[in-house]
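Novice: Here is how the chains run, residue by residue.
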Amino acid sequence: GENVEQHPSTLSVQEGDSAVIKCTYSDSASNYFPWYKQELGKRPQLIIDIRSNVGEKKDQRIAVTLNKTAKHFSLHITETQPEDSAVYFCAASIVGPQGGSEKLVFGKGTKLTVNP
Amino acid sequence: ETGVTQTPRHLVMGMTNKKSLKCEQHLGHNAMYWYKQSAKKPLELMFVYSLEERVENNSVPSRFSPECPNSSHLFLHLHTLQPEDSALYLCASSQEGQGGDTQYFGPGTRLTVL
Chain R
177 GENVEQHPST LSVQEGDSAV IKCTYSDSAS NYFPWYKQEL GKRPQLIIDI RSNVGEKKDQ
237 RIAVTLNKTA KHFSLHITET QPEDSAVYFC AASIVGPQGG SEKLVFGKGT KLTVNP
Chain C
3 ETGVTQTPRH LVMGMTNKKS LKCEQHLGHN AMYWYKQSAK KPLELMFVYS LEERVENNSV
63 PSRFSPECPN SSHLFLHLHT LQPEDSALYL CASSQEGQGG DTQYFGPGTR LTVL
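One line per chain: the protein sequences are R and C, in this order. For the first sequence, the residue numbers in the numbering used here are 177 to 292. For the second sequence, the residue numbers in the numbering used here are 3 to 116.
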C-alpha cells in the first residue's frame, strides 16, 4: 500500500524566514496531495492541495510543488509568522479499485515553530 | 465552524465500558471517515464509508465497530478497549469524486481509557 514519509519531524525558524517541509510517497497511482495544518488543540484544516496534473501551486505565502517522477512534494511557507506555528501534515491519495473513493494516507507530521 | 461536529469532545472510560462516538456532517458529502491520532504517530485511517457502504477497514481491532445509518451520521462504537486506545478520534467527510477530494475534519473526541 501507499507509504508517505515526511521530513523534518520538527522545524524551528525565525520570524520572516522561509520554511520547507518535504514528503515522499511510494504509490505512483497517487494523484492528490493535500496539506493540513493542525494548531494545538484544534482539528486539522486543509491549507493547500495539489493534483497530479500540475507541478506547482501558490496561495499567498504558501506554495506546494510536486515532482511526480521523483514521487515527492513539498510545502513552502515564506515570510513566516508566529501564527504559522503548528503541526503540518502531508497526505497522498489513492484511487480505490473501483475508481472512486480516495483514501488519504498521512505523513507523520512536522511541528513548525516560528520564533518572534 | 459547524460543518462537521463530533460528540462527546472528551470521554473517559474503563476497559469494560461500552460507549459510542458520534459524528455529524452538514456539508452534503457522501463519504465519511474515522481517524485515530495518537501522540507521535501519523493520522491513521480506521474506517471509510462511501455512499453509506463501508469500503475499507484497515485491520482495526474488532473492539471498534463503525456504523453509518445515513450519509450525514457516523458512529464509532467502543467496547472492551485497552489503554493504548487512548487517542484523539477524528471524523472527516468529503464529496467523493475522481482525482481527490478535500476532507473536512471534525474537532475530534479525546478518548482516555483507564
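Please note: incorrect hints may appear among the correct ones.
Within a straight-line C-alpha distance of at most 16 Å, the following computed EDC-like cross-link-like pairs (lysine to aspartate or glutamate) qualify [said to hold, decoys possible]:
id	chain 1	residue 1	chain 2	residue 2
1	R	K233	R	E259
2	R	K279	C	E26
3	R	K218	R	E181
4	R	K279	C	E58
5	R	K287	R	E181
6	C	K43	R	E259
7	C	K42	R	E215
Hint data in this document are derived by calculation from the structure and do not stem from the laboratory.
Novice: Compare the distance between the alpha carbons of K42 of chain C and E215 of chain R with 16 Å, and conclude whether the hinted pair is satisfied.
Specialist: With Cα atoms ~15 Å apart, K42 of chain C and E215 of chain R stay inside 16 Å; holds.
Novice: Could you grab the alpha-carbon distance between K279 of chain R and E26 of chain C and see if it respects the 16 Å cut-off?
Specialist: Given pair K279 of chain R, E26 of chain C is violated - Cα atoms ~20 Å apart, limit 16 Å.
Novice: Is the straight-line distance between the alpha-carbon of K218 of chain R and that of E181 of chain R 16 Å or less?
Specialist: At roughly 23 Å apart (the allowed maximum being 16 Å), E181 of chain R and K218 of chain R break the hint.
Novice: Checking one constraint from the list: CA of K287 of chain R to CA of E181 of chain R, max 16 Å. Satisfied?
Specialist: Holds: K287 of chain R and E181 of chain R sit about 14 Å apart, inside 16 Å.
Novice: Between the alpha carbons of K43 of chain C and E259 of chain R, is the straight-line distance 16 Å or under?
Specialist: Violated: K43 of chain C and E259 of chain R sit about 23 Å apart, past 16 Å.
Novice: With a cut-off of 16 Å on the C-alpha distance, tell me whether K233 of chain R and E259 of chain R pass.
Specialist: Not satisfied, since the Cα-Cα distance of roughly 22 Å exceeds 16 Å.
Novice: Between K279 of chain R and E58 of chain C, is the straight-line Cα distance small enough, at 16 Å or below?
Specialist: 9 Å, holds
Checked against the numbered hints above, the structure breaks hints 1, 2, 3, 6 and satisfies the rest.
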